[in-house]
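Trainee: Position chain B relative to chain A; hints supplied.
Number of protein chains: 2
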Amino acid sequence: MITDFQDWARSRQVRIETSLQTLLPPANVAPERLHDAMRYTVLGGGKRVRPLLAFAAGELSNADEERVTIAAAAVELIHAYSLVHDDLPCMDDDVLRRGKPACHVAYDEATALLAGDSLQSLAFQLLGEYRLADTPQMQLEMVKRLAQAAGSRGMAGGQAVDLASVGESLTLPELEFMHIHKTGALIRAAVILGARCGGSLNESQSTGLDHFAKCIGLAFQVVDDVLDAEATPATLGKTAGKDAENNKPTYVSILGAGRARELAEELRCDAYQSLEVFGTMAGRLRQVTDFIIRREF
Amino acid sequence: MITDFQDWARSRQVRIETSLQTLLPPANVAPERLHDAMRYTVLGGGKRVRPLLAFAAGELSNADEERVTIAAAAVELIHAYSLVHDDLPCMDDDVLRRGKPACHVAYDEATALLAGDSLQSLAFQLLGEYRLADTPQMQLEMVKRLAQAAGSRGMAGGQAVDLASVGESLTLPELEFMHIHKTGALIRAAVILGARCGGSLNESQSTGLDHFAKCIGLAFQVVDDVLDAEATPATLGKTAGKDAENNKPTYVSILGAGRARELAEELRCDAYQSLEVFGTMAGRLRQVTDFIIRREF
Numbered sequence: 001m002i003t004d005f006q007d008w009a010r011s012r013q014v015r016i017e018t019s020l021q022t023l024l025p026p027a028n029v030a031p032e033r034l035h036d037a038m039r040y041t042v043l044g045g046g047k048r049v050r051p052l053l054a055f056a057a058g059e060l061s062n063a064d065e066e067r068v069t070i071a072a073a074a075v076e077l078i079h080a081y082s083l084v085h086d087d088l089p090c091m092d093d094d095v096l097r098r099g100k101p102a103c104h105v106a107y108d109e110a111t112a113l114l115a116g117d118s119l120q121s122l123a124f125q126l127l128g129e130y131r132l133a134d135t136p137q138m139q140l141e142m143v144k145r146l147a148q149a150a151g152s153r154g155m156a157g158g159q160a161v162d163l164a165s166v167g168e169s170l171t172l173p174e175l176e177f178m179h180i181h182k183t184g185a186l187i188r189a190a191v192i193l194g195a196r197c198g199g200s201l202n203e204s205q206s207t208g209l210d211h212f213a214k215c216i217g218l219a220f221q222v223v224d225d226v227l228d229a230e231a232t233p234a235t236l237g238k239t240a241g242k243d244a245e246n247n248k249p250t251y252v253s254i255l256g257a258g259r260a261r262e263l264a265e266e267l268r269c270d271a272y273q274s275l276e277v278f279g280t281m282a283g284r285l286r287q288v289t290d291f292i293i294r295r296e297f
Numbered sequence: 001m002i003t004d005f006q007d008w009a010r011s012r013q014v015r016i017e018t019s020l021q022t023l024l025p026p027a028n029v030a031p032e033r034l035h036d037a038m039r040y041t042v043l044g045g046g047k048r049v050r051p052l053l054a055f056a057a058g059e060l061s062n063a064d065e066e067r068v069t070i071a072a073a074a075v076e077l078i079h080a081y082s083l084v085h086d087d088l089p090c091m092d093d094d095v096l097r098r099g100k101p102a103c104h105v106a107y108d109e110a111t112a113l114l115a116g117d118s119l120q121s122l123a124f125q126l127l128g129e130y131r132l133a134d135t136p137q138m139q140l141e142m143v144k145r146l147a148q149a150a151g152s153r154g155m156a157g158g159q160a161v162d163l164a165s166v167g168e169s170l171t172l173p174e175l176e177f178m179h180i181h182k183t184g185a186l187i188r189a190a191v192i193l194g195a196r197c198g199g200s201l202n203e204s205q206s207t208g209l210d211h212f213a214k215c216i217g218l219a220f221q222v223v224d225d226v227l228d229a230e231a232t233p234a235t236l237g238k239t240a241g242k243d244a245e246n247n248k249p250t251y252v253s254i255l256g257a258g259r260a261r262e263l264a265e266e267l268r269c270d271a272y273q274s275l276e277v278f279g280t281m282a283g284r285l286r287q288v289t290d291f292i293i294r295r296e297f
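Protein sequences, first through last, are from chains A and B. With my numbering, the residue at position 192 of the first sequence is 192, and numbering never jumps. With my numbering, the residue at position 56 of the second sequence is 56, and numbering never jumps.
Note that the list lumps identical chains together, so a pair holds whenever it fits in one copy or between two copies.
Derived DSBU-like pairs (lysine-lysine); straight-line CA-CA distance at most 35 angstroms: (1) K248 / K144; (2) K100 / K214; (3) K214 / K248; (4) K47 / K214; (5) K100 / K47; (6) K248 / K47; (7) K47 / K144; (8) K248 / K100; (9) K214 / K144.
Note that these hints are calculated values from the structure, not bench results. Here the structure is a predicted model, which means the values were calculated and not measured.
Okay, chain A solo, but in the shape it has when bound (with noise of 0.2 angstroms):
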């Protein structure tokens, strides 16, 4: 099963992989410095976690994986601009990304920015080009879940919180407002939209689906902290110990690394449970669920 699941998801890092080589504007086309930012910050790197995500939820519905390797790439591209505008000085200042320079230590600031700004076009062009849904409306919901999840409502307006945050204390509530915000939106919106590739859910599905995405998406943050506490560099391909040295509130901060690792288990079975209107179907989901928590690195 382990050796299955590995296969599986190799197989799909590689399609999402080729997929992006390919809807990425090239890198000798005019502006050739900004497309060649484009295509560093986004190739080579990255475990793909939410993509991984939108392929096991699209088993859920049927879907074709056609489609969902485009709405994986969009929310993959929305993931790949946050980090670049996240690592700018004027935010995280983090030279380190997926093991190499940020995209702002490789070119310049100005080209990271709108490399950032630019990538978060492309998703939504994508989501408007290809032929993803069963219906155009529902396409047209899956433009607006992807809309919701990025802005300030979702990962960026958890991004603001979480730069406010730098040196304060913050209850485990406000902890988790942020996260479910910065790092949760768009894995559920990884889920929701790899699901609506497919033919519909009935309401119980959808709301088992929405409550797993959730889950996920809080759990993912929890191991992340867990893991930035105890890394090296080496392992974590960016700069470790960062939030402890920014005074940055974390799941460890607050909890300790034993009580965040619970968390993340508690949080597993949770995700494991809202599982369960989708019985078998779900085998790929689990798969990814376990991956996401019980990762290493």
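Mentor: What follows is chain B alone, placed relative to chain A:
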């Protein structure tokens, strides 16, 4: 006729302002500071040239004004986001915008960055959320069109070329390439989206409108360069003479102010000609054309 136009323009400016006030997240909803910065950036300023173009273009296809208002708001949000990001220190480094401190001065750089990011997301959210076209399929094409106009082969790409051109001597075709992307793409999108809110255009109408949109987009920039070279901060509402100071190539620096004004007039004639296929339906669009090209501020 002129008075009639002024009344029409004023009422549409009020309409778009009122609409943006409602469409933007309230400043008392978390994250408050981010929402406040988004509202500060978008509301209470600007000539709303793009919305006026959208409203006038909507008359060509008998578009419902409620629909055009939302589509125009989406275009204006993209425009507003681009101004916030362009003013950042790593880009044009400008402290004054529409007679007020730029967003990163009034708030801080990180907030300005996230406000711009969130405004872009909100633009696409509107296009996914409201019914704007006769069919959802046509509306998906609006999503694609706006995304292309905003992205690396549109506005953001033009800004990248603009930044790379500081201190360089550009030829007229190179300058044109830059502006067709930086300013022209979004102005074109405003025209096209406005018209798409109504009934379908036939092929010669579509071709005519697209050519009109190209002309007006370029003319807008030519006039902008003339005004920037001649104006004072008080009349312009932003730092005047920045282009010369930054050693940026402009229509004035390449052609001289007299020839630049002539070019604007030639583009005006070309724009008028391409509207002939619409007959009297294009009356309003001709007035907006004059308003843009013969403005003094």
